[in-house]
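Asker: The primary structure of each chain is shown beneath.
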Amino acid sequence: MSKVTNEIYELVRELFPICRSITGDGVRQTLKIIQKHIPLNLFEVPTGTKVFDWTVPQEWNIKDAYVIDPAGKKVIDFKKHNLHIVGYSIPVNKTIALPELQKHLYSLPDQPTAIPYVTSYYQPRWGFCLKHQDREKLKPGKYRVVVDSELKKGSLTFGELIIPGLSQKEVFLSTYVCHPSMANNELSGPAVTTFLAKWLLTKKRRYAYRIIFIPETIGSIMYLSKNLNVMKNAVVAGFNISCVGDERNYSYVSSRNGETYANKVAQFAFESLGEDFTRYSYLDRGSDERQYNSPGVDLPVVSISRSKYGTYPEYHTSLDDLNLVTPRGLYGSYELLKHILELIEKNYYYQNTCLGEPQLGRRGLYPTVSKKGSAAGARRIIDFLAYADGTNDLIDISRKIKIPIHELYPIVKRLLKEKLITAQE
Amino acid sequence: MSKVTNEIYELVRELFPICRSITGDGVRQTLKIIQKHIPLNLFEVPTGTKVFDWTVPQEWNIKDAYVIDPAGKKVIDFKKHNLHIVGYSIPVNKTIALPELQKHLYSLPDQPTAIPYVTSYYQPRWGFCLKHQDREKLKPGKYRVVVDSELKKGSLTFGELIIPGLSQKEVFLSTYVCHPSMANNELSGPAVTTFLAKWLLTKKRRYAYRIIFIPETIGSIMYLSKNLNVMKNAVVAGFNISCVGDERNYSYVSSRNGETYANKVAQFAFESLGEDFTRYSYLDRGSDERQYNSPGVDLPVVSISRSKYGTYPEYHTSLDDLNLVTPRGLYGSYELLKHILELIEKNYYYQNTCLGEPQLGRRGLYPTVSKKGSAAGARRIIDFLAYADGTNDLIDISRKIKIPIHELYPIVKRLLKEKLITAQE
Amino acid sequence: MSKVTNEIYELVRELFPICRSITGDGVRQTLKIIQKHIPLNLFEVPTGTKVFDWTVPQEWNIKDAYVIDPAGKKVIDFKKHNLHIVGYSIPVNKTIALPELQKHLYSLPDQPTAIPYVTSYYQPRWGFCLKHQDREKLKPGKYRVVVDSELKKGSLTFGELIIPGLSQKEVFLSTYVCHPSMANNELSGPAVTTFLAKWLLTKKRRYAYRIIFIPETIGSIMYLSKNLNVMKNAVVAGFNISCVGDERNYSYVSSRNGETYANKVAQFAFESLGEDFTRYSYLDRGSDERQYNSPGVDLPVVSISRSKYGTYPEYHTSLDDLNLVTPRGLYGSYELLKHILELIEKNYYYQNTCLGEPQLGRRGLYPTVSKKGSAAGARRIIDFLAYADGTNDLIDISRKIKIPIHELYPIVKRLLKEKLITAQE
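Residue numbers (our numbering), protein chains in the order written: chain A, 4 to 428; chain B, 4 to 428; chain C, 4 to 428.
Any given hint might turn out to be false.
Note: identical chains are not told apart, hence a pair may lie in one copy or across any two.
With a straight-line Cα cutoff of 27 angstroms, these simulated DSS-like cross-link-like pairs (lysine-lysine) come out [as the list claims (entries may be wrong)]:
no.	residue 1	residue 2
1	Lys-155	Lys-374
2	Lys-374	Lys-142
3	Lys-66	Lys-375
4	Lys-405	Lys-341
5	Lys-207	Lys-83
6	Lys-77	Lys-229
What the hints contain is simulated information worked out from the structure, not anything from laboratory work.
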């Protein structure tokens, strides 16, 4: 672990209190904080813009929301936790009886100490979320209900950072910033992605990197509607980064086409880490990889997580907090993603420049005395060259000759220097 | 079970007594009875006609045949069971000693109560078949032997029904009518096929149906020699229907090329029934699928059976009678084949009309409140759409998203109505 | 076993005492003895010739070499065993102390009774090999060291025999003649190959045979540098023949591309022998198959062995002698290789000439009486014809219809005679 370990966690902490949604000032505030780390460009897409089958909705902002019980006590208070309000709740200010109020309340009987996360983006509605144990204490009587929110023509905000590379080809990173105060899903994704971008900016890059911070679903659909043609030609592999902050095992959701380059790299990277991981089928998808892999879009995108959305008990509740997410958890994911991106940067097709084996001895790469077993040390070089036929990339060669890829990196370097191989896209 | 249950069985009963062979009046009489149910066209192919490597043989008819023992008793009598005569026996009328008679007798020592079924279509010969237990009672002495048969230039008779569909593409059904009094092999095939045709005539049809009632081997070779070019272009899947009348498990014989559409549909249909079934290799073939799959013919044809020819003890003996075949057994096969044909009719390639997921919420197909688990009900629609990319047919989608095909039919209907998918051939 | 059994062994015995290396008179003497059996053409490639990435080295010859101990005793003597001298040792004639001598000695602590085989072709050096048990007896003092060798501009010698066939296509056999007195690796290869060539000369041949006797590595690289273009077009399958003289199990090293015709034939041949054998991955390669399969060369070559080089304890030591190799071991390999070559000669693609099944009955190939089970005898003919569709060769058909290939040879002969099939390249 290093200095960056705490920096990622600090960013999560800084962003945590903000009330985000798919539009509104919470998103803008979040992206501006990220701009302190990386030169993100912000864009505003007006309400009413047609994006494929969808329409950008009205912008939603909220100042306050609460419920006062018959005894005059504020029993639900948005200012204490922004999950108390159903996302996109319309304004309301009235006094109603408990039975009427109940129709607008959401709680989890199985998780009585958790405030659930509920939204209603595309149907006008208001509602409050609360711990089930608190809901059970509500007594009959008149309740004062106030939602001081605003729905108006405005815009959907997103951030984009395109980092150029030597090639026009791109690696695509996508993460989302539409969730209110939850830490793993979803501040871990934007925080780790921010520091990945920061690291990429310091590197010599083969590929360009297209990195976006968007609201989920409507954001990815909007982004594709503007950029699909360019991305279809450019993107070699993409990663939806989500739920990467806890300390549980890693996982990835396969792309719809199981043979994409993103899948190949992810599978190989996880295997080469030597830790347990879960490969989810595309049937287990649930985040923006849904859009990126949809028919006709067909971008080579997988989702990278630790505990995947929907699979851990704290998911979409107030229990997904700053205790669930840890500096160590965030940093591990950051390192994993660096490992994946380095793999992509270094993964060329290699072509032997000789017919027959080259004479390694005169280059100091083969023992000059030949005796039983003497060539064992040179074996990996010979094996590498045997498969460097222009049809195998470094991942393929590593698999075929059964040598870990990081042990091949110095061999590649030496053989390139000796002009015994060439690297090809 | 329904009214048709008894009707199929009654047709088997009506056809049972007739003495059929590969040519002759028994076939004509059989096809005329079938014409009472469906508008079958009858054709006559003259003796001597060259059909691929074969020649249509002389026509055979028989009036009577018997053997009288030294005591004057009729010990073998064609009029009691038409299996007593070797098919295509030449006329004979003479008195011979028992040892000479024995050379012309056929019985089954292992099945002493069964009269075997024996033929000699392409070599002039006469012979009688009898129960082994009766053969053992024959005493030395002179036997009078009479075969009142006729072999002459005539023709081979077959029936054909072509039912048009919206498409020029065809589904092919083949069954055979050359066996004398045996019920499973082979009256079950023609009887079930007759009622399938009757049902098809009442349906709106995507495909045309080419349905033939032929003598085995020579009939299919003859039919191919006349229709192969048309069929090569038109037939999408074919089914040889044979031995479908008992109550044992279903089975099918794979086509030679294991990747034909007929194979795909049959395998899927059997799997989706959820009953045990046997998939026989093409090496286990034995009926007209031999010809339909032969090199250069290569039609996509599988054979559908319950207990396949050759695998059950009553096969090709007098024990294959009206007790072995049951109304329930016949009706089950009729329903299975309807299931297969409906599958073919409904199995289109589907293409999503949107880029990205469509907004299902505004069409009432997705919950408007989003909370933990709320989208589970809409999941199958989303999964269907995710694979409706124009490269998967409904069978593929059902397999990939692991939802039974009958549960997809209403989803398809709704999505077509919403214009969210199109159906493609 | 036959007369040839002893002849192969006798050839090994005759060649055993000669001191071979990658160049020099030992190779010439060896090839001249082989010329007594087959009309081998000998070629000389001058020192300094560029061959791909390599250069033909100086020619090495040796008259004598020995070490005399402080007591005046000849403790190491090349004339007693030619493995005592490191191959390509430069001349030396001096007296040195034991510690200095030790730097030039090679022995095997784990195999104290074996003289190891050591060479230093491409780095000027001198050295002696001895049993470890003898090395341990050496006492301090002055040792007289004499190597009476010569390194000079000369040439690399190899033998080639091209036996024409009906086709321009070739089968390639390669074996090496650069090892001094060791029997399995490597006199078994040249001896068995000599007698294979002798046998081929007596046969009517579909294919041409390109057979070479070369020094390992530099020889195959040199040969490819001169013949690759011709061989790329002509060679259908090649076999590197090495270590075929002991009585242990057979093995082969797969070609780099696991789908070559050489692989298919070798795998099938070994399976059809019904004995245990080992299929080594290309990663286990180690002889000239390294060069033949290298990227850009890509000839369809496998290596055939009994105990493969490197896998048996006597390998590359004086224990690899005339006891390890036996007449029976050599003869078995000779028969195996004949089996493989016969398979290649007989393995055509077959094409049914009829549409539908042919009428086998009128050709005496099918019973004229049809009764339960009567066609079983003709079944293999029908099955053969069913897969003789022009896309399956005889190996494929044998696998698909599960009939041993030697049982198909008479069926093929008969069907060719009946013009029911044609054979195609």
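Asker: Give a verdict on every hint.
Answerer: Status of the hints after comparison with the structure:
| no. | hint | in the structure |
| --- | --- | --- |
| 1 | Lys-155 / Lys-374 | between (83 angstroms within a copy, 24 angstroms between copies) |
| 2 | Lys-374 / Lys-142 | between (91 angstroms within a copy, 25 angstroms between copies) |
| 3 | Lys-66 / Lys-375 | between (80 angstroms within a copy, 25 angstroms between copies) |
| 4 | Lys-405 / Lys-341 | within (23 angstroms within a copy, 35 angstroms between copies) |
| 5 | Lys-207 / Lys-83 | neither (46 angstroms within a copy, 64 angstroms between copies) |
| 6 | Lys-77 / Lys-229 | neither (45 angstroms within a copy, 89 angstroms between copies) |
Checked against the numbered hints given earlier, the structure breaks hints 5 and 6 and satisfies all the rest.
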